[in-house]
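Engineer: Position chain S against the provided structure of chain G, taking the given hints into account.
Protein chains: 2
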Amino acid sequence: MLTIAGIGPGGKETMTEEVAAALAEADCIVGYTVYAELLRKLYPEKEYYTTPMTQETERCRWAVEQAERGRSVVLVCSGDSGVYGLAGLVCELTEGTAPLRILPGVTAALSGAAVLGAPLCHDFAVVSLSDRLTPWETITRRLLAAAAGDFVICLYNPASKGRPEHLRRACSLLLEEGHMERGRICGAVRNIGREGQEAQIMTLGQLADYPADMFTTVYIGSSTTRQIGAYMVTPRGYRISQESASGR
Amino acid sequence: MLTIAGIGPGGKETMTEEVAAALAEADCIVGYTVYAELLRKLYPEKEYYTTPMTQETERCRWAVEQAERGRSVVLVCSGDSGVYGLAGLVCELTEGTAPLRILPGVTAALSGAAVLGAPLCHDFAVVSLSDRLTPWETITRRLLAAAAGDFVICLYNPASKGRPEHLRRACSLLLEEGHMERGRICGAVRNIGREGQEAQIMTLGQLADYPADMFTTVYIGSSTTRQIGAYMVTPRGYRISQESASGR
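Protein chains in written order, with this note's numbering: chain G, 68 to 315; chain S, 68 to 315.
Chain G with its partners taken away, still in its complex shape (with noise of 0.2 Å):
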């Protein structure tokens, strides 16, 4: 049996309940090397199968040949295993035949929320900045049309070694193109629910200079977002009356 596990941001705290049971029971965990390394701390035993990042498909199959073999294996992703995870990748590999048991985790957009405050409280739009699976017009096409729907946009991979100017680029465009003023309120977390978690609030403006790398998650607010004290919120609309509020 072949099960595809979304581990969330690496600690067994932010782990659902079944896929820590998947993991323990499993003969075979298989993942990107960085989260094999952080769960072969929790779970020393098992056998791990790792190919660095780019060799996604290699993975997959191997993964699908040992259960094939009759092993129990689980493909691990970061956060979810389904948003820029490898469950569509599988299902693709295998066609659609082979029995798969899909578990969801914590996506970096929702990690990365809980620990800026409440940016995701309304609609939002889930972009990644990496052109290495998709072309830049692409993504240049989205960032547009989620500005002009006036969503917050969380941005996934906003930059990288090989890449370090994409972050840059998304905010000239909005700024240019999408009709947001410098001082949208914008949020990024890096390192989510690990070793090094350093969380920013500021403004588009700024959000174009900020360092980001490939574990920051990037959160532009929509034209409704707002720092309260030191929470980044979106709010959903409820009424509030204004001595109710000031009274806490």
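Check each hint, because a few of them may be wrong.
You can't tell identical chains apart in this list, so a pair holds if it fits in one copy or across any two.
To be verified - When the alpha-carbon atoms are kept at most 20 Å apart in a straight line, the in silico DMTMM-like pairs for lysine to aspartate or glutamate are as follows: (1) K79 - E123; (2) K108 - E244; (3) K108 - E135; (4) K108 - E84; (5) K113 - E262; (6) K79 - E92.
Simulated from the structure, these hints should not be mistaken for lab results.
Structural biologist: This is chain S only, laid out in the frame that chain G set:
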């Protein structure tokens, strides 16, 4: 201390360990009646404070007051604490001054996607069709923008007793103005992770007639979304050579 916790779809197996621990340690659990009843089976010894829908502000205010008196209070939200959850309202009510612990959870977009396969493996937008707190014009604008950006669209609150026609109206809008074809691959999941779970993959034309209710989450595919066997999949874009795919 006030904790705002996303409990996932409802069962203990899809709750994160930190949320389960917070509930086990709580003096008092506060929530919407339906979800509080699910928790009462798991934690029968706790004190519960529940309010029906439309009384979210009262519910949050009570939780804040109890926490100010030194009690350990967990305000629970189905799915995630942020996504259409109460984390934002609590930040507003306390004006960002109260110490809050915000714990994320598996929102319905993710848990429903895992049931259908992998519809959210590429960029997506999340839109609530409830016009209780948002004007229908804003919802319309967002649906059209998401269609223009070729996002997968995940719909929350697609219908309820008071607004049974919202999903049909949204589908008509997308067919007429959003330039989507009737054969666009869509999916719906009802009672995710609970008794009576049902999932269906269908076309956008069929979705207009789907009897959604307030416990249904709906997925409208992007132009690349496909049905593969029993799965709804939005490919990320990995290259798969033909012989290796057909070999499975």
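Engineer: Of the hints given before, which are not true for this structure?
Structural biologist: 1, 2, 3, 5
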